[in-house]
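> Listed below are the residues making up each chain.
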Amino acid sequence: MALVKAIENIFPQSRKRRVLPGFGLSLGFTVFYLSLIVLIPVSTLFLKTFDLTWSQFYGSITSARVLASFRLSFGTAFAAAIVNIIFGVLLAWTLVRYDFPGKRMVDAFVDLPFALPTAVAGITLTTLYAGNGWFGQYFEVLGIKVDYTPLGITVALIFIGLPFVVRTVQPVLEAMELDVEEAAASLGAHRWYIISRIILPTIRPAALTGFALAFARTLGEYGSVVFIAGNMPMKTEISTLLIVTRLEQYDYPGATAIAVTMLVASFILLLVINMLQASINKKASSV
Amino acid sequence: MIGFQNTPDILPAHDVVVTRTSRLSEPRWVRWIVIGISLVFVVVFLAVPLVLVFVKAFEKGIKTYVTAITTPDALAAIKLTLLTAAIAVPLNVLFGISAAWLIAKFDFPGKNVLTTLIDLPFTVSPVISGMVFVLLFGLQGVFGTWLDEHNIKIIFAVPGIVLSTIFVTFPFVARELIPVMQLSGTEEEEAAIVLGASGWRTFFTVTLPNIKWGLMYGIIVCNARAMGEFGAVSVVSGHIRGATNTIPLQAEILYNEYHITAAFSVASLLTFLAVVTLIIKKVDEAKIHHEVSSTHSQPLTGTI
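Same order as they appear, the protein sequences are chains L and G. For the first sequence, the working numbering gives the first residue as 10, with consecutive numbering after it. For the second sequence, the working numbering gives the first residue as 97, with consecutive numbering after it.
Treat the hints loosely; a few may be bogus.
As the list claims (entries may be wrong) - No more than 20 Å apart at the CA atoms, straight line, and that leaves these computed lysine to aspartate or glutamate pairs for EDC-like: (1) G/Lys159 <-> G/Asp169; (2) L/Lys112 <-> L/Glu191; (3) G/Lys308 <-> G/Glu283; (4) G/Lys308 <-> G/Glu284; (5) L/Lys112 <-> G/Asp169; (6) L/Lys291 <-> L/Glu186; (7) G/Lys378 <-> L/Glu257; (8) L/Lys112 <-> G/Glu283; (9) G/Lys383 <-> L/Glu257; (10) G/Lys156 <-> G/Glu353; (11) G/Lys383 <-> L/Glu183; (12) G/Lys308 <-> G/Glu353; (13) G/Lys378 <-> L/Asp108; (14) L/Lys291 <-> L/Glu183; (15) G/Lys378 <-> L/Glu186; (16) G/Lys249 <-> L/Glu186; (17) G/Lys152 <-> G/Glu353; (18) G/Lys377 <-> L/Asp116.
No lab work stands behind these hints, which were simulated from the structure alone. If you're wondering where the values come from, they're calculated on a predicted model, not measured in any experiment.
Starting from the given sequences, assemble the full structure and let the hints guide the process.
Structure (structure tokens):
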């Protein structure tokens with residue numbers, strides 16, 4: 010309890026205005042638990058990089074194998090996010106503006122990648138797109154190999170990233186008021202003109218946020234990809250798999266260098282997402 | 097604008113189609129093409145994979161299925177998964193309630209930083225989430241030598257699996273509760289306190305009923321993720337059969353050994369959990385909407 014009192018003394022001005030109890034207790038417990046579970050472990054990763062000299066660190070992340078894995082991870086995550094922004098916006102539009110049988114079920118289905126464990130998604134997609142699989146057999150006729158190629162990795166990442174775009178665009182479309190569209194239509198604007206000049210600009214920040222969220226999430230993806238990727242060094246080895254390989258070889262410095270690089274990349278993405286979110290909020294409050 | 101006064105701001109989707117003039121929607125054939133493309137996408141990318149899990153699991157009959165999920169290794173994996181969730185979920189619920197109470201009911205410097213830090217595990221790759229605990233408690237880790245001397249095993253043992261699961265599922269409950277608690281405001285709690293109720297009594301009789309559906313939503317999502325986590329757990333587990341394999345890891349091993357039917361049988365347990373989670377989530381979402389609108393008379397748009 011002395012600790013609680015001490016915390017309350019650090020924030021005197023908030024104590025004055027407070028009627029509700031539990032500020033010190035909830036602040037103390039929240040910060041303690043956050044530090045123990047998240048902050049200390051994550052900062053260990055950054056501290057570990059100081060074991061490396063700069064040239065060791067640089068050499069480690071610019072070796073041909075690591076660079077190839079970065080190219081693959083960033084490239085496939087980007088390609089998947091592009092597919093997701095197109096189909097995600099289309100799907101969100103369909104769910105908000107159109108009516109069709111089974112709509113509620115489709116809406117519930119969109120969250121499946123959130124709920125399905127990544128390893129299950131991984132073995133399922135691999136079985137589906139293997140040369141003798143339900144989908145793979147038709148790709149094989151066309152001469153396209155999906156499993157054990159970057160294409161297969163992209164397919165897995167599309168699955169993982171889809172809900173992010175749909176679930177960020179959907180509420181914005183729902184909240185959009187129809188009077189602007191009505192006004193434009195009554196002034197004689199063509200439907201396509203309304204879509205490109207009113208609707209798409211309104212949902213653009215949300216769509217870009219969804220894109221960034223999907224990109225950030227799929228960049229670090231592991232479970233759904235390792236099965237379908239084939240994991241050949243230089244060809245189909247993603248960065249997260251390379252981290253696991255380095256850890257299994259007890260090459261902690263090597264693993265740390267890749268992990269820190271990827272973590273910094275996702276922090277930058279998080280910053281971009283926050284800026285986009287701020288611009289959505291600004292738009293919402295100015296309407 | 098006068099001509100549109102009869103049009104409510106937000107119409108239910110089915111009304112929109114009826115009331116809008118042709119200029120306010122796309123031609124019928126465009127609508128059906130767009131719906132068609134969306135449905136094909138959902139079927140190809142989401143529905144078919146879901147169906148495949150169960151088809152593969154039951155390919156060789158129910159008997160094989162039951163045998164596959166009752167082998168000693170499978171049962172040990174199920175037990176470990178349940179144990180992990182039974183530790184990780186309650187701890188994160190406790191944290192979630194504490195963090196939501198703090199952020200929703202009080203103003204203090206550094207609140208935005210705290211909110212961002214709570215979201216941190218969402219942006220960290222699962223592999224890195226497991227790895228940080230290897231760096232802390234692994235043999236070459238910060239506490240490695242000390243733990244080894246005292247014969248305490250965390251990495252390649254159950255504690256490591258539990259810790260990394262807690263890390264990965266850390267933000268879920270807090271994330272769900274913060275907006276729900278913010279929307280229900282502080283007036284009711286303040287009234288209870290002024291009338292002489294204790295803090296705990298206020299929480300259990302005033303706050304908890306207001307947030308119960310939001311809390312349940314957070315718990316089921318947290319639980320689904322805790323039971324299904326693969327990347328983080330895979331890094332710290334060491335894949336010791338019957339000892340440190342959770343259900344997803346067991347499915348991986350079986351799959352890599354070409355026991356495809358057995359792998360999908362084990363995976364179907366988690367898929368079943370995912371489907372149940374989605375159904376509860378859908379029902380819950382409606383209840384949360386009701387919860388929020390009944391405790392708050394003001395319109396929600398604008399407060400968000």
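> Hint by hint, note whether the structure agrees.
Hints and how they fare:
1. G/Lys159 <-> G/Asp169: Roughly 17 Å separates the two Cα atoms, so the pair holds.
2. L/Lys112 <-> L/Glu191: It is violated: about 25 Å lies between the C-alpha atoms, which goes past 20 Å.
3. G/Lys308 <-> G/Glu283: The given pair, whose Cα atoms are some 18 Å apart, holds under the 20 Å limit.
4. G/Lys308 <-> G/Glu284: Within the cut-off at roughly 16 Å; holds.
5. L/Lys112 <-> G/Asp169: Distance of about 41 Å is beyond 20 Å: violated.
6. L/Lys291 <-> L/Glu186: 16 Å, holds
7. G/Lys378 <-> L/Glu257: 41 Å, violated
8. L/Lys112 <-> G/Glu283: At roughly 39 Å apart (the allowed maximum being 20 Å), G/Glu283 and L/Lys112 break the hint.
9. G/Lys383 <-> L/Glu257: 46 Å, violated
10. G/Lys156 <-> G/Glu353: 18 Å, holds
11. G/Lys383 <-> L/Glu183: 19 Å, holds
12. G/Lys308 <-> G/Glu353: Distance of about 44 Å is beyond 20 Å: violated.
13. G/Lys378 <-> L/Asp108: This hinted pair holds, its Cα atoms lying about 18 Å apart.
14. L/Lys291 <-> L/Glu183: Since the Cα atoms of L/Lys291 and L/Glu183 sit roughly 17 Å apart, the hinted pair holds (cutoff 20 Å).
15. G/Lys378 <-> L/Glu186: 25 Å, violated
16. G/Lys249 <-> L/Glu186: This hinted pair is violated, its Cα atoms lying about 58 Å apart.
17. G/Lys152 <-> G/Glu353: Roughly 16 Å between the alpha carbons, so the hint for G/Lys152 and G/Glu353 holds.
18. G/Lys377 <-> L/Asp116: Satisfied, since the Cα-Cα distance of roughly 12 Å is no more than 20 Å.
Comparing the model with each numbered hint stated earlier shows that hints 2, 5, 7, 8, 9, 12, 15, 16 do not hold.
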